[in-house]
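Colleague: Read off the chains here:
There are 2 protein chains.
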Amino acid sequence: MSKKYVYLFAPGKAEGRASMKEILGGKGANLAEMANLGFPVPAGFTISTEMCTIYYANKGKLPETLKDEVAKAIQKVEKIMGRKFGDPQNPLLVSVRSGARVSMPGMMETVLNVGLCSKTIPGLIEKTKNERFVYDSYRRLIMMYSDVVMEKAAGIEPPKEEDGIRKKLEKAMDEMKKSKGVKYDTELDAEDLKKLCELFKEIVRENLGKQFPDDPNEQLWGAIKAVFQSWNGKRAVSYRRIEKIPDDWGTAVNVQAMVFGNMGEHSATGVAFTRNPSTGENVFYGEWLINAQGEDVVAGIRTPFPLNKYSKNEDNKNLPSLEEYMPQVYKELVSIRNKLEKHFRDMQDIEFTIEEGKLYMLQTRTGKRTGIAAVRIAVEMLKERLIDKKTAILRVKPSQLDEFLHPMLDPKEEQKAKPIASGLPAGPGGAVGQVVFTADDAEAWAKEGKKVILVRDETSPEDVHGMHVAEAILTAVGGMTSHAALVARGWGKCCIVGCKALQIDFEKKEARVAKQNPDGSEEIIVIREGDWVSLNGTEGKVYLGQLPVIPPDPLKNKWFITITKWAEEFRQIGVRTNAERPEDAAKALEFGAEGIGLARTEHMFFQPERIIHMREMILAKNKEERRKAVMKLLPFQKEDFIAIFKVMKGKPVTIRLLDPPLHEFVGTLLEDQDELEKLAKLCNVKVEEIKARVQDLHELNPMLGHRGCRLGITYPEITEMQARAIFEAAATLIKQKVKVLPEIMVPLVGTKSELDNQVEIIHKVAKEVIEQEKVKINYLVGTMIEVPRAALTGDQIAETAEFFSFGTNDLTQMTYGFSRDDVGSFLPYYLENKILPHDPFEVLDQEGVGQLVKMAVEKGRATRPTLKCGIWGELGGEPSSVKFCHKIGLDYVSCSPYRVPIAKFAASQAAIENPRPKFSAKSKTASKKSKK
Amino acid sequence: MSKKYVYLFAPGKAEGRASMKEILGGKGANLAEMANLGFPVPAGFTISTEMCTIYYANKGKLPETLKDEVAKAIQKVEKIMGRKFGDPQNPLLVSVRSGARVSMPGMMETVLNVGLCSKTIPGLIEKTKNERFVYDSYRRLIMMYSDVVMEKAAGIEPPKEEDGIRKKLEKAMDEMKKSKGVKYDTELDAEDLKKLCELFKEIVRENLGKQFPDDPNEQLWGAIKAVFQSWNGKRAVSYRRIEKIPDDWGTAVNVQAMVFGNMGEHSATGVAFTRNPSTGENVFYGEWLINAQGEDVVAGIRTPFPLNKYSKNEDNKNLPSLEEYMPQVYKELVSIRNKLEKHFRDMQDIEFTIEEGKLYMLQTRTGKRTGIAAVRIAVEMLKERLIDKKTAILRVKPSQLDEFLHPMLDPKEEQKAKPIASGLPAGPGGAVGQVVFTADDAEAWAKEGKKVILVRDETSPEDVHGMHVAEAILTAVGGMTSHAALVARGWGKCCIVGCKALQIDFEKKEARVAKQNPDGSEEIIVIREGDWVSLNGTEGKVYLGQLPVIPPDPLKNKWFITITKWAEEFRQIGVRTNAERPEDAAKALEFGAEGIGLARTEHMFFQPERIIHMREMILAKNKEERRKAVMKLLPFQKEDFIAIFKVMKGKPVTIRLLDPPLHEFVGTLLEDQDELEKLAKLCNVKVEEIKARVQDLHELNPMLGHRGCRLGITYPEITEMQARAIFEAAATLIKQKVKVLPEIMVPLVGTKSELDNQVEIIHKVAKEVIEQEKVKINYLVGTMIEVPRAALTGDQIAETAEFFSFGTNDLTQMTYGFSRDDVGSFLPYYLENKILPHDPFEVLDQEGVGQLVKMAVEKGRATRPTLKCGIWGELGGEPSSVKFCHKIGLDYVSCSPYRVPIAKFAASQAAIENPRPKFSAKSKTASKKSKK
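If you read the protein sequences in the order shown, they are chains A and B. The numbers in the working numbering rise by one with no breaks, and the one at position 35 of the first sequence is 78. The numbers in the working numbering rise by one with no breaks, and the one at position 885 of the second sequence is 928.
A couple of the hints might just be wrong.
[To be verified] Cβ-to-Cβ under 10 Å is the rule here; a few derived chain A residues that face chain B:
| hint | residue |
| --- | --- |
| 1 | A723 |
| 2 | G751 |
| 3 | Y859 |
| 4 | V866 |
Calculated directly from the structure, the hints in this document are not laboratory data. Even glycine gets a Cβ: it sits at the ideal position worked out from N, Cα and C.
Build out the structure end to end from the sequences listed, making use of the hints.
Modeller: Here's what the structure looks like:
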């Protein structure tokens with residue numbers, strides 16, 4: 044017997060079941076499951092996803108054997124339904140729908156009413172006594188089929204939607220309605236629709252150069268192929284890329300007997316969720332329409348009716364609910380809803396049709412929901428004993444917690460507004476404010492109590508004061524890991540970057556956006572200083588004017604508190620935060636951070652009273668001068684560390700020594716004559732000399748240049764000053780009985796000798812301070828693993844390092860040879876063309892970069908079993924990366940304060956999915972001891 | 044019994060032997076060996092190198108047990124020599140000398156005549172009846188001891204040599220000679236020397252604040268410690284760094300009874316080589332002096348006498364030879380020379396002293412020799428059956444072959460000249476020419492038949508035409524892997540880079556060099572256009588004027604031909620060359636290259652008639668325009684490939700597709716209004732538009748930016764054009780019955796998907812050309828492994844790649860996070876302070892970068908056992924790197940044409956030292972087959 048590709052389903056008897064999603068697709072598998080449960084499912088069959096693969100392997104041809112299988116399946120359906128496909132007297136019509144393993148809503152194609160043709164129309168009219176219904180169905184078939192099969196699947200879809208056949212047919216229908224002076228489709232009578240069908244066929248012939256097919260079998264196979272073809276349609280491909288769905292899964296095709304919601308006043312169609320998908324509330328929630336076919340409900344042509352009292356809103360409160368209009372059918376539907384939830388143990392999204400008072404179930408699937416709803420449903424389903432705790436936790440995507448953590452534009456209002464531009468969603472949440480174009484203006488306006496949005500081409504460390512006071516940041520260039528994006532995300536601030544449509548004129552203080560109108564014309568919108576804009580940073584959308592904002596308060600939300608508390612029972616790795624400002628550290632602690640995984644010391648040097656000494660240090664001509672200048676920074680650094688240690692109350696604080704190339708501190712100096720002169724005076728040299736020195740600092744590839752520990756090695760006085768500041772700060776607090784645990788991290792180490800050089804200085808200073816202050820200071824010295832060579836020689840480096848902290852941003856840059864600042868010229872192309880599955884700066888590349896991390900951990904722990912290993916970077920809060928870190932045995936991940944709850948939650952899920960033997964630093968020692 | 048640290052030696056009985064160099068040092072071990080051979084060696088003992096380690100571990104203290112051991116050893120020496128150390132009547136004097144495992148000539152300290160003091164002087168005078176000799180010995184002791192022990196070992200050496208105690212004493216002696224009206228030391232009489240000794244002691248007291256020690260034991264221990272201390276002296280440390288000698292080896296101390304060459308007219312001292320160390324000729328060669336102690340011969344105070352007729356030259360031909368002056372002693376010395384060569388089976392460098400007609404041997408060691416001598420000695424010793432073939436080959440350092448491959452400044456004349464500046468030795472050999480400051484001038488002058496040296500701040504690809512016609516290139520900035528260095532080395536052209544003393548004024552067409560005079564004053568030398576300079580590129584020295592040059596002709600040198608032919612019998616890995624110009628390829632073939640390992644296609648685009656189309660392509664606004672422009676380059680590329688394939692006659696040619704960032708092709712465009720306008724006309728756009736586009740191309744880190752296969756992926760028409768040029772060139776030649784084997788290499792691949800993308804294009808074009816031209820073309824497609832991620836995922840990449848070529852320059856850059864262009868700010872410091880043992884761009888970092896290479900080879904061959912693996916880059920010709928490549932199983936290395944003989948020789952040595960099972964691509968398949 045040859046392989047089976049076609050699976051029948053009908054109430055009480057289906058060849059498939061819910062667990063067969065891989066070959067039946069989600070829709071097919073669930074139709075089979077519902078059929079097996081005895082629900083009223085119209086009979087039909089599913090062509091398996093494997094046939095999709097064959098279809099593409101054979102370049103669009105289907106094997107002959109499939110024709111036989113389908114023919115046999117149709118015979119069975121005919122028998123069950125008591126109608127015959129293509130029969131002039133008692134014709135069976137079918138729907139042909141896609142159905143992938145996971146739901147890809149709206150991404151693939153559907154054709155309804157297949158089988159209607161000049162041969163079957165009279166018989167159906169005779170049988171239903173409803174000529175209007177038949178022509179309404181026929182015009183729908185023509186509309187869908189000509190669009191999906193004759194145009195899209197044939198590959199002749201015009202670039203602009205308005206030139207497509209569907210729009211042309213819609214226009215013809217609109218004209219017909221206009222000429223009849225009616226508003227709704229339902230107001231057209233049988234005669235109108237019959238004429239319309241003739242007109243439609245003529246338009247199809249004229250535009251597509253082909254006759255509309257009048258043979259039921261030709262229609263059927265055209266539709267089946269079109270569904271397979273739609274798997275590689277543009278929308279489907281880009282959806283898969285975003286959702287990380289493999290291309291080789293393929294779609295199944297579901298061919299099912301038509302039932303008709305458009306047979307008159309006792310017919311209807313609807314969609315519903317077994318719980319409220321926005322709020323998660325445990326109430327049946329849905330919409331329906333009388334005398335309609337499925338697509339009408341979601342198409343937005345008519346306002347759908349509320350399913351019941353829970354589904355009423357401002358727009359539909361005066362329309363009849365199904366509960367009121369067909370109480371018996373509604374009761375049956377509620378009973379099915381209850382059984383479905385008990386059976387699937389999750390919130391379901393269903394489709395149903397009522398044909399002359401009889402209810403049919405057309406689909407059930409796990410319902411999409413907001414993060415807020417996901418959390419509430421998970422918590423309540425556990426309380427209803429539908430699911431256990433682990434399942435409840437796994438039901439919520441870690442990223443969905445983000446919704447609790449940021450103010451949002453009110454989704455209802457946002458839905459009504461039209462964005463004027465879009466960019467990359469760099470910092471989540473919503474924000475509203477008045478536009479300013481410089482950091483100084485941002486500060487000035489904010490001081491007057493105004494809410495501002497800072498708009499720049501891109502930002503630099505010198506914009507930080509303005510970024511800090513702004514409600515949000517909007518940049519014209521830069522990617523997800525540009526300066527603006529990093530800083531904003533660190534603060535949990537709304538931010539959109541790479542908004543290419545923005546053309547900023549800083550002199551005029553205005554930005555121009557060229558907006559494409561639906562008619563193809565271009566409109567220039569000018570945004571002037573002070574204009575109000577609203578940003579949705581979660582989706583990267585920019586709106587003109589003020590949209591209402593909803594504030595966050597997760598720690599007062601009982602669902603959020605419950606699910607995160609439950610999750611904590613399972614977590615096996617620590618979560619720290621990246622923070623150098625005490626406020627940020629405090630915020631992270633509130634969210635449960637267990638330490639600081641990265642405090643960058645250079646951010647502390649950009650304030651005006653400090654940067655001048657930094658510059659003095661950089662421009663020093665010899666060691667002595669440099670030492671003098673650098674020591675002027677000591678009191679500032681000490682203050683910084685006291686502040687942050689105080690907040691952290693003895694939790695570990697990983698401090699990274701000076702890292703960036705020196706020219707970052709003098710970048711804008713050449714254009715600032717005042718500052719130049721001030722500095723020249725301070726250094727007692729000529730302005731020209733300073734300029735020359737600044738130009739000397741220019742590097743061709745600063746990322747790979749004189750930075751990180753290379754600075755501390757060539758200028759040991761910098762390391763000495765920083766170490767002194769750390770230990771003196773620690774001593775000061777220890778004397779005040781405040782616990783302190785500094786972990787000093789040497790950046791950009793590539794060889795053990797580099798680390799040795801710096802560690803010697805650090806220990807020397809520690810000894811001096813400890814002797815001089817007469818206190819005991821516990822501290823660790825370790826290194827950032829961010830240069831591939833360090834990972835490769837982790838065994839050697841661990842001889843000196845007491846901890847490894849993986850700096851994934853730089854490690855990714857060097858492992859790929861990608862400059863974060865320059866990937867804009869090819870990375871978008873790579874993602875679009877699937878050269879890369881995702882941006883490696885956003886999602887850890889487990890095969891390459893991850894391999895290095897794993898290797899370093901293993902080699903390092905072979906040398907030093909107690910080696911503490913953590914990771915930080917953009918990925919520290921990215922759920923799949925957190926799970927990888929859990930798997931390879933890291934001790935902690937570190938992320939920005941606002942991602943702490945997400946990282947913790949992801950870590951808990953990882954521990955549930957894949958609990959690991961406790962092989963982290965601490966327990967390794969413990970298990971060693973227990974062996975003795 | 045406690046561990047032995049002191050080893051006695053005396054004629055016929057020594058506790059050590061030649062094989063004990065690790066603990067006795069080279070000198071001590073060979074003294075013991077000579078003593079065992081019965082040669083007249085003054086008795087003495089060696090304190091082992093292990094004591095040096097103890098000395099440093101104990102912070103400069105020596106254990107008490109050592110004192111006992113030394114005391115016992117002295118007693119034995121006293122007994123053998125019949126004198127007593129510190130005895131007033133019959134005093135024994137000793138020399139105290141260093142001696143490391145390997146020779147570090149002149150790098151550490153020696154003190155002679157230890158034991159002379161007020162107590163022993165009268166007895167020695169009485170015994171020798173030679174007061175002059177005694178005071179001469181005493182003044183030597185004071186000079187050496189005060190310098191070595193009291194100043195250097197005490198750590199109070201002044202920064203300038205002329206402020207040191209030694210110079211002060213020399214000055215006092217010069218004054219004495221002046222006041223006496225004599226020229227040579229030997230002309231001072233006993234009374235003079237006695238006075239001088241008193242004066243010396245006073246100067247010592249005044250300058251060092253201490254009495255000159257008058258106790259023999261104090262002198263002895265002071266000298267022993269000073270020798271240990273000198274192991275960490277500046278010169279010794281920097282010598283070890285250059286010679287890659289580990290710091291923990293330590294030096295031994297040799298304490299030996301003094302014999303005196305300065306006892307009068309029948310006493311003498313000399314040094315000799317058993318063969319001529321410059322030419323290798325098998326003749327005894329040396330110098331000697333009457334009435335002198337060892338240091339006098341090398342110090343250059345008096346012109347040394349020739350040892351024999353073979354040692355005569357212009358300077359010494361009228362001075363008496365030892366052969367003539369003391370025929371008996373000479374005969375004895377010749378007999379020892381012959382025995383030594385037979386015993387040690389290598390050319391020896393010996394020291395001897397004649398005390399009143401009696402010959403004493405003071406040292407023998409393997410003699411340093413020039414490359415030319417090394418080769419001749421190895422070949423001749425084999426013919427004399429002293430050594431076997433493998434030993435002969437291993438006797439020559441691969442780098443020594445370099446001397447045969449380049450013209451050189453005549454060493455004799457060079458020795459007399461003083462360099463005005465020095466830089467990095469980027470391209471070996473010598474060159475003489477007139478200075479020009481632009482590539483265009485270089486070309487113009489060269490056309491007139493002038494020899495020019497091109498002097499630039501740094502070079503760019505647009506200077507290449509000028510570099511090509513120049514005798515040599517001299518740059519003020521840049522490192523060993525700067526553009527100038529790479530290009531020059533590729534051509535085997537003399538080149539000095541990073542000559543920091545040069546201050547070039549391009550407008551005035553002159554360069555200034557500030558030269559420090561011995562008196563501390565500064566002199567400015569101005570070099571104007573047309574001035575003659577001479578460059579020694581092997582050592583990085585720049586001279587004013589024209590020095591004579593010796594031309595190379597290795598393939599006519601019988602010694603060179605013989606040794607390289609012998610070596611070829613052993614070699615197990617292939618050697619290819621890096622070349623894209625047919626002349627270079629031809630040169631490499633002459634040297635025995637077995638293919639091209641890297642032909643860079645971008646070098647072909649810098650000629651004016653090509654670069655304009657390249658620029659047109661870069662500035663194209665859309666795919667069609669770009670395609671049009673790129674196709675204009677097709678005929679040029681095709682021509683290039685035809686030329687190179689023709690030369691290589693079927694040997695494999697690895698062609699790298701376009702690699703550099705596009706802005707390299709438009710770098711100078713912004714300053715060239717003519718070119719801008721020409722291009723604007725060609726592209727039919729405004730000049731402003733071109734400028735804007737050029738500025739758009741600017742990248743922050745171009746090394747990690749839009750280059751390599753990222754270009755070919757985003758602009759597939761470039762890859763298509765290049766592939767077409769390759770295959771059309773191949774087809775053209777195949778039709779002419781010329782064999783062709785292209786290996787097409789995709790650069791900068793980080794993921795398999797990138798390679799897949801490019802390989803698909805290449806295969807498509809191949810198929811088209813093969814069908815259209817109706818020829819069969821054999822070709823391979825592979826990738827450059829230069830991004831760490833590619834090495835880490837070698838198993839995946841080998842699914843597509845048929846070969847891996849390791850690009851060590853970029854792989855090193857990314858593995859270390861070092862930008863070659865920017866390391867100048869810290870790498871010199873790193874090398875000086877031993878943070879790194881050597882520049883990883885010159886010597887393969889086996890632990891880090893090498894680990895990645897090894898990993899990639901193993902992973903790649905696990906997927907594809909026949910995977911061909913090669914390496915190219917600066918390291919491809921570096922002997923230790925070649926040996927590593929042999930060890931890890933690469934199939935070939937590829938280097939610049941002039942390094943081919945060196946790489947081949949190194950590969951042969953590797954095969955001799957460490958023959959490997961044939962696990963390269965070919966044999967792996969073979970062994971698989973044989974299993975069946």
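Colleague: Are the hints correct? Go through all of them and say.
Modeller: Cross-check of the supplied hints:
1. A723: violated, 23 Å
2. G751: Since chain B brings a Cβ to about 8 Å from G751(A), closer than 10 Å, the hint holds.
3. Y859: Since the shortest Cβ distance to chain B is 5 Å, the answer is holds.
4. V866: holds, 8 Å
Of the numbered hints stated above, the single one contradicted by the structure is hint 1.
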